[in-house]
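Asks: Residues per chain, in single letters:
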Amino acid sequence: MLDVVVVEAGYGAMPVLRGVTLKVGIGEIVAVLGANGAGKTTLNRTISGLVRASAGRILFAGDDITRAAPDQIVAAGIAHVPEGRRIFPNLTVRENLDLGSYRRGRARRAANLERALTVFPRLAERLGQSAGTLSGGEQQMLAIARGLMSEPILLILDEPSLGLSPRLVEEMFELIARIREAGVAVLLVEQNVVQSLEIADRAYVLERGAVSLEGKAATLAADPKLKKSYLGM
Amino acid sequence: MSLLLPSIINGLTTGAIYALVALGLTLIYGVLHIINFAHGSLLMLALYAAFFAKTLLGLDPYAALPVLLLGFFALGYALQRWVIDWASHGRDQNILLVTLGLALVIDNLALFFWTSTTRTIDVPYAFEVVDLGVALVPLPRAIAFVGALVLAALLWALVGWTDLGKAIRAVAREKEGARLVGIRVEHIYAMSFGIGTACVAAAACLLLPTFYVTPQVGYAFVLVAFTTVVLGGMGSFLGALVGGLLLGVVEALCGLFLGESLGQIGIFALFILVLLLRPTGLFGARLA
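Just so you know, the protein sequences line up as chains A and B, in that order.
Numbering-wise, the numbering used here puts 223 at position 223 of the first sequence, and it's gapless, one number per residue.
Position in the second sequence (first residue = 1) + 1000 = the numbering used here.
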């Protein structure tokens, strides 16, 4: 469904992605692992159109979205929940969620809002509050709920567990599993290697802007190389 | 003291126009984070448009208002999208210079084509008054007051309740998040600039029946509008509205007590006072 084919991208003259190839199938959870600076966030930003690929192709549901603008990519069904959440702090929780369906899913806004609030009951209590006053965990939930408001086919999550308490991290991974059960594919970028591999179907390891290792999540979890470099075993 | 109440009411009618001009300025500032130096020139242009609509087409300024509103919205949209944004490469200091340059070009073109002659229009209702019991208010001023408040309320509703308004506020604070929900940031910039410009077109139509137009006319208003925006709090809607009305009243009262020509002293005395005591303005920042 999502096909990233030998994509290169970077900022100015500095290349970050040096030919990344990766696939996400319908309803799959795919984890992308790698050290800081390996290019995980740039990969996400390139898929969602914030960064232009300088080479290679990105296909989504049969369409070439390599040169598409971010709003066209949202309209196609990709929702990107970025690192650092990027919620609208000056707007209320409710308004943040409304804007989640600005480009896609507007017709079913009320129904989707209700569904998002059953998934995130804590947001329901805070609908009229400005989003900047939420706790870090609540802001992360809001960012994900805002992403779901656009009825995505593919949800990109960038470090969703960053800065959350261990209990909330646990909750976050349960939530990601539930999102997939609802039929949404998830591209999950995480530092949290063990838990990511537990819920993912497949995984890629990025190293210096290229895929160095890929396979079934269970296979990778047992891979001695990965164990050594990421799990410290 | 029998002059006091009429003075205050007169000040409120002027203040409503200040507020309308300032609302446009504060919207553009709040979203694009730039001071639009061309704002006064666009007001002048709108006054000429209303003037020629009357003299060439026989269209009353109030009848021309909806047309000019749309026309200047389109002009503002186009200016931001295809002149300011294009020429400034998205850098704030460049935007500042581009709007300043635009102001110089518009002002001098106006001077070239229309000379510095002061022009006014004749309307049949110019000397009609509304009797409020405590004071007689010239009809055009009463219309300007009500019209400005209605437009301010519409703008308030637009920014507060519509998806466009939410997107405008979202872009003001979080551009990247806005892009990620599919908001086209350049479009929202241009919409904000267009709406801000539409505000001066409305102000021009409400103003012209009791005012004049020359190529320099924008400065008088935009200076007060800048003051209003800072006084009310940069980017604050309520601040622009209250600030505009307040300045109108202060100006009228100073005119009453110090003599007509010294009325504006009060505006800047109040301005300095607010800057000293409350530098963020009366209402802080709402949009930004």
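Hints were generated in silico from the structure; no laboratory data involved.
Any given hint could turn out to be false.
[Stated by the list, open to error] Part of the chain A face toward chain B, derived, beta carbon under 7 Å: (1) Arg67; (2) Pro70; (3) Val74; (4) Asn90; (5) Leu91; (6) Leu99.
Think of the CB as a built atom: it goes at the ideal place given N, C-alpha and C, for glycine as much as any other residue.
Asks: Tell me, which hint numbers fail for this structure?
Replies: Hint 1 contradicted; others consistent.
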